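Novice: The lines below spell out each chain.
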Amino acid sequence: MNISIIVFIVLLIAAVILFAKNVRTIIRNIKLGKDIDRNDRKSERFSLMAKVALGQSKMVVRPVAGLLHIVVYVGFIIINIEVLEIILDGVLGTHRLFAPLGYLYISLISVFEILALLVLVACVVFLIRRNVLRIKRFFSAEMTAWPRTDANLILITEILLMSAFLLMNAADAVLQNIGSEHYTQVGVFPVSSYLMSPLTGLSEKKLIFIERGLWWSHIVGIFAFLNYLPYSKHFHILLAFPNVFYSKLTPKGQFTNMEAVKKEVEMMFDPAADPYAAPAEPQGEPERFGAKDVTDLTWKQLMDAYTCTECGRCTDVCPANKTGKALSPRKILMDTRDRLVEVGKGISKNGKEFNDGKSLLRDYISEEEILACTTCNACTEACPVNNDPLSVIVDLRRFLIMEESKAPAEWTGMLTNIENNGAPWQFAQADRLKWKDEI
Amino acid sequence: MAEMMASGQQPHVLFWVGCAGSFDDRAKKITRAFVKILNKAGINFAVLGTEESCTGDPAKRAGNEFLFQMQALGNIQVLNAYEIKKIVTTCPHCFNTLKNEYPELGGNYEVKHHSQYLQELINDGKLTVEGGVFKGKKITFHDPCYLGRANDVYEAPRVLIEKLDAELLEMKRCKSNGLCCGAGGAQMFKEAEKGDKEINIERTEEAIAAQPEIIATGCPFCMTMMTDGVKIKEKEAELKVFDLAELIAKANDL
Chain A
0 MNISIIVFIV LLIAAVILFA KNVRTIIRNI KLGKDIDRND RKSERFSLMA
50 KVALGQSKMV VRPVAGLLHI VVYVGFIIIN IEVLEIILDG VLGTHRLFAP
100 LGYLYISLIS VFEILALLVL VACVVFLIRR NVLRIKRFFS AEMTAWPRTD
150 ANLILITEIL LMSAFLLMNA ADAVLQNIGS EHYTQVGVFP VSSYLMSPLT
200 GLSEKKLIFI ERGLWWSHIV GIFAFLNYLP YSKHFHILLA FPNVFYSKLT
250 PKGQFTNMEA VKKEVEMMFD PAADPYAAPA EPQGEPERFG AKDVTDLTWK
300 QLMDAYTCTE CGRCTDVCPA NKTGKALSPR KILMDTRDRL VEVGKGISKN
350 GKEFNDGKSL LRDYISEEEI LACTTCNACT EACPVNNDPL SVIVDLRRFL
400 IMEESKAPAE WTGMLTNIEN NGAPWQFAQA DRLKWKDEI
Chain B
0 MAEMMASGQQ PHVLFWVGCA GSFDDRAKKI TRAFVKILNK AGINFAVLGT
50 EESCTGDPAK RAGNEFLFQM QALGNIQVLN AYEIKKIVTT CPHCFNTLKN
100 EYPELGGNYE VKHHSQYLQE LINDGKLTVE GGVFKGKKIT FHDPCYLGRA
150 NDVYEAPRVL IEKLDAELLE MKRCKSNGLC CGAGGAQMFK EAEKGDKEIN
200 IERTEEAIAA QPEIIATGCP FCMTMMTDGV KIKEKEAELK VFDLAELIAK
250 ANDL
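Protein sequences appear in the order of chains A and B.
Read in order, the letters of the first sequence correspond to residues 0 to 438 in numbering that gives the first Met the number 0.
Read in order, the letters of the second sequence correspond to residues 0 to 253 in numbering that gives the first Met the number 0.
There may be inaccurate statements among the hints.
With a Cα cut of at most 27 angstroms, we get these calculated BS3-like pairs of lysine-lysine [to be verified]:
#, chain 1, residue 1, chain 2, residue 2
1, A, 321, B, 239
2, A, 261, B, 84
3, A, 321, B, 39
Heads up, incomplete: computed chain B residues facing chain A, CB under 7 angstroms, no partners named [as the list claims (entries may be wrong)]:
#, residue
4, 22
5, 44
6, 52
7, 131
8, 148
9, 189
10, 192
11, 198
12, 201
13, 205
Chain A stretches covered by chain B per the calculated footprint, using a threshold of three residues with CB under 8 angstroms from any CB of chain B [as the list claims (entries may be wrong)]:
#, region
14, 45-54
15, 129-142
16, 249-259
17, 309-315
Calculated directly from the structure, the hints in this document are not laboratory data.
None of these values were measured; they are calculated from a predicted model.
Glycine is no exception: its CB is placed at the ideal position from the N, C-alpha and C atoms.
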């Protein structure tokens, strides 16, 4: 067996195993969340996934970014067919395994090349938007050095991968022209043909070196990129689909009903309930009201956090953020993810009982942030992958108010008023009909 | 409602007035305007009066689920005792809570926002609206979050404005992209967190940029925020804020 085949197979297996291991960790972390049923209304969920994830319907709300994103997205999916050939060539030691497909092959590679060029251009425009035009939503407070570098790394990697693919085809075509052995005659392709002139005239040895070098850097680049995904916001390319599938389907204004509270309140309303009865045997640890840390959130909220690709459309439409408040819905999900990664690492190291004394509330997200929310749902409406940062904010508020009885003084007054006289203001219940007589 | 029940009558619809509609001076005008329309259309309706209590919306948004459910269960007991089937309300917050959050606690009703209900009355021929004083006026509609995004009601309010023969102007951010007035999520009941601007000023400036003569709203809290915004911007003379019910009532000389 050829040495390069062995090297290739080892790299392939290592890349797949490492990737699977990291994905398993992410799945385990998501499962740290509380249970919630999102398996109802399956057909509705499938069509939503087809529309929003596959069809990118919410991306095009912003046409420039949306259309460029579709180019990269379609390019990515279709060019992956070429990756299949590259992997098979690597494993079998063949060259252009699919070439016998004839015209179909030539037209496929031609389409790949055009897409590769479009992806390349789109990525360059994206880099310009981020680094030259410095579009505001990529520079808000939570967009610290790492998130900005992450975005640039992804774009640069994609540009390099596409360039390697195109240059490789160019070198291949020159080799075909000089009749080099092993280089199947498949003709020239629409984009790479323009890259041939600087390569013509080089010796066959040099050309083979260049062609092989590009082939290897392309596929090794793909393996490396695959394993970069789990550490990057770019993981959205995988999670976007299940994340949209498990979207909240109830009206946006409907907040979750807390079953634990319901039981207690119903008891209070039940005339048959015996206030002096011995309390029922506590079953396990009492459930915490609301969320203090990531493990108090549901698995869907944790999946949201991993799916977020930090585009900032949520923050860009948030009325609180727009008027200079500390709240940024994107930061809420980024913090949730970062805290979850931290908790996950702790659990991997020290087992399930890991406790570092930190929590999502306060160590990551401040009271000021969650108190600034108007629950207007602009963020959930804007999110292209149907994330729900609002639900995290509300769960944090619930912890603040119900577990810690910590509310701004004005809210305490409002809540007391509702409790005492059935209205958020201090008016007598008896005056409820006064409007009738005031003309 | 109690009187109706005592005489063995059942109303066609229960008008849920809401706390703002009952106690806030500006919102009481909306309540009266809506009642005038109901009377003119000959609708057999009732109100709970002193038996109505806060739906619990601000408690729930603030995070106090316990108080919310106390309020909800109390209200559901009253509504179910009166065998209420259909509710209309002039407050999107009450509307959202009654429609979406009461069913899981045992309260199942057909709930309409007054914009939807008025549209129904017009469609059924029970109410006719002619432009009257608003003919040709430039009106912009501020979408309340709990009516629009929260419940996908965007058209009914706009249909009503068109019925007035008025010119409907849209703000830059409207419908599903509409900007909040700043009152939701129990913000109405506290000072805003530290920032560089009030949300209602941002929204009022956007409304002014659309150059309307009237800002129409469908929410008592939006009403407060927009009215305050117009006052602070010193535009009271040329820019009025009205609820949809007030527009319809005025157009019909009620």
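Novice: Work down the list of hints and note, for each, if the structure agrees.
Specialist: Cross-check of the supplied hints:
Restraint check: the Cα-Cα separation between residue 321/A and residue 239/B comes to about 25 angstroms, which is no more than 27 angstroms; the hinted pair holds. Of the pairs offered as hints, the one joining residue 261/A and residue 84/B holds, with about 23 angstroms between alpha carbons and a cut-off of 27 angstroms not exceeded. Among the hinted pairs, residue 321/A with residue 39/B is inconsistent with the structure: their alpha-carbon atoms are about 44 angstroms apart, more than 27 angstroms. A hinted interface residue such as residue 22/B counts as satisfied when its beta carbon comes closer than 7 angstroms to some beta carbon of chain A; here the least separation is about 4 angstroms, so the hint holds.
Violation of the interface hint for residue 44/B is found here, the shortest Cβ-Cβ separation to chain A being roughly 13 angstroms, above the 7 angstroms cut-off. For residue 52/B, the interface hint holds, the least distance from its beta-carbon to any beta-carbon of chain A being 3 angstroms, beneath 7 angstroms. Among the interface hints, the one on residue 131/B is violated; its C-beta lies about 21 angstroms from the nearest C-beta in chain A, farther than the 7 angstroms criterion. At about 4 angstroms, the closest approach between the beta carbon of residue 148/B and any beta carbon in chain A falls short of 7 angstroms, and the interface hint on this residue holds.
Because the closest C-beta pair between residue 189/B and chain A is about 4 angstroms apart, less than 7 angstroms, the hint holds. Hint on residue 192/B holds. Least Cβ distance to chain A is approximately 4 angstroms, under the 7 angstroms limit. This hint holds: residue 198/B has a C-beta 5 angstroms from the nearest C-beta of chain A, less than the 7 angstroms allowed. Hint status for residue 201/B: holds, given a least beta-carbon distance of 6 angstroms to chain A, under 7 angstroms.
Among the interface hints, the one on residue 205/B is violated; its C-beta lies about 11 angstroms from the nearest C-beta in chain A, farther than the 7 angstroms criterion. Interface restraint, the region 45-54 of chain A with chain B: violated (0 residues with C-beta to C-beta distance below 8 angstroms; minimum three). Proximity of the region 129-142 of chain A to chain B, defined as three or more residues with a beta carbon under 8 angstroms from a beta carbon of that chain, is not established by the 0 residues found. Check result for the region 249-259 of chain A against chain B: holds, 8 residues qualifying (beta carbon to beta carbon below 8 angstroms, three or more required).
Beta-carbon proximity to chain B at under 8 angstroms applies to 0 residues in the region 309-315 of chain A; the threshold of 3 is not reached and the given coverage is violated.
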